[in-house]
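Numbering (our numbering), first residue to last: 87 to 161.
Hints are not guaranteed to be accurate.
Straight line, CA to CA, 27 Å or less: simulated DSS-like cross-link-like pairs of lysine-lysine [unchecked claim]: (1) K145 to K135; (2) K130 to K151; (3) K130 to K154; (4) K154 to K132; (5) K145 to K119; (6) K145 to K130; (7) K90 to K132; (8) K135 to K152; (9) K145 to K132; (10) K90 to K117; (11) K159 to K145; (12) K145 to K117; (13) K135 to K119; (14) K136 to K119; (15) K152 to K117; (16) K117 to K135; (17) K151 to K135; (18) K117 to K130.
Across the chosen pairs, the derived CB separations fall in these ranges [said to hold, decoys possible]: (19) L139 to V99: 28 to 34 Å; (20) Y123 to D91: 52 to 58 Å; (21) A89 to A150: 38 to 44 Å; (22) V143 to K117: 22 to 28 Å; (23) Y88 to K151: 14 to 20 Å; (24) K145 to V99: 48 to 54 Å; (25) L94 to D127: 54 to 60 Å.
If you're looking for bench data, these hints aren't it; they were derived computationally from the structure. Yeah, the Cβ is synthetic: ideal placement off N, Cα and C, and Gly gets one too.
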Amino acid sequence: EYAKDARLQIARVVARHGFTGQIPLPDISTKAKAQAYIGLDMPKLKGQKKQFLDTIVPKWIEIAKKNKRFITKPM
């Protein structure tokens with residue numbers, strides 16, 4: 087719905103300036119295609135997330151337990 091509205095608005099703006107040809111737009115029909123189009127390197131980002139979860143988060147948990155601020159029961 088948002089993409090359709092955006093395309094319509096783009097067409098109106100360029101028509102006001104005299105352009106009547108086809109407007110080339112990227113294929114962002116899927117999440118993966120949209121991520122690739124804006125330049126996200128998802129395998130690299132997922133690797134960084136895994137490294138963060140494996141190294142930093144355990145340290146935070148250890149500090150929280152030491153300070154008796156680690157919550158084990160849901161609120």
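Structure-based check of all given hints:
For the given pair, K145 sits about 15 Å from K135 by alpha-carbon distance, which is consistent with the 27 Å threshold. Straight-line distance between C-alpha atoms of K130 and K151 comes to about 31 Å, which puts the hinted pair past the 27 Å bound. Between K130 and K154 the CA atoms are separated by roughly 35 Å; this puts the pair beyond 27 Å, and the hint is violated. As the CA atoms of K154 and K132 are separated by approximately 31 Å, the hinted pair breaks the 27 Å bound.
Distance hint between K145 and K119 is unfulfilled; the C-alpha atoms sit about 35 Å from each other, more than 27 Å. A hinted pair counts as satisfied when its Cα atoms are at most 27 Å apart, and K145 with K130 qualifies at roughly 23 Å. In summary, the hint linking K90 to K132 is not supported, as the alpha carbons are separated by about 31 Å, beyond the 27 Å threshold. Of the pairs offered as hints, the one joining K135 and K152 holds, with about 25 Å between alpha carbons and a cut-off of 27 Å not exceeded.
Under the criterion of a C-alpha separation no larger than 27 Å, the hint pairing K145 with K132 is consistent with the structure, at around 20 Å. Pair hint K90 plus K117 holds up; C-alpha atoms about 16 Å apart against a cutoff of 27 Å. With a C-alpha separation of about 20 Å, the suggested pair K159 and K145 falls inside the 27 Å cut-off, and the hint holds. Straight-line distance between C-alpha atoms of K145 and K117 comes to about 33 Å, which puts the hinted pair past the 27 Å bound.
About 21 Å separates the Cα atoms of K135 and K119, which keeps this hinted pair within 27 Å; it holds. Proximity of K136 to K119 is assessed by CA-CA distance (about 22 Å); at most 27 Å being required, the pair is judged to hold. Straight-line distance between C-alpha atoms of K152 and K117 comes to about 41 Å, which puts the hinted pair past the 27 Å bound. Between K117 and K135 the alpha-carbon distance is near 18 Å, which keeps this suggested pair within the 27 Å criterion.
Using a Cα cut-off of 27 Å, the hinted pair K151 and K135 holds, with the two alpha carbons roughly 23 Å apart. A C-alpha spacing of about 16 Å is found between K117 and K130, which places the hinted pair at or below 27 Å, so the restraint holds. Checking the proposed 28 to 34 Å range against L139 and V99 shows it is violated: the Cβ atoms sit about 44 Å from each other. About 19 Å separates the C-beta atoms of Y123 and D91, a value inconsistent with the hinted range of 52 to 58 Å.
At about 43 Å, the CB distance of A89 to A150 agrees with the hint of 38 to 44 Å. The hint said 22 to 28 Å for the Cβ distance between V143 and K117, and at roughly 25 Å that hint holds. At about 44 Å, the beta-carbon gap between Y88 and K151 misses the expected band of 14 to 20 Å. As the Cβ distance of K145 to V99 is approximately 51 Å, the hint placing it in 48 to 54 Å holds.
For L94 and D127, the hinted distance range of 54 to 60 Å is not satisfied, since their beta carbons lie about 32 Å from each other.
The structure fails to meet hints 2, 3, 4, 5, 7, 12, 15, 19, 20, 23, 25 from the earlier list, while all remaining hints are met.
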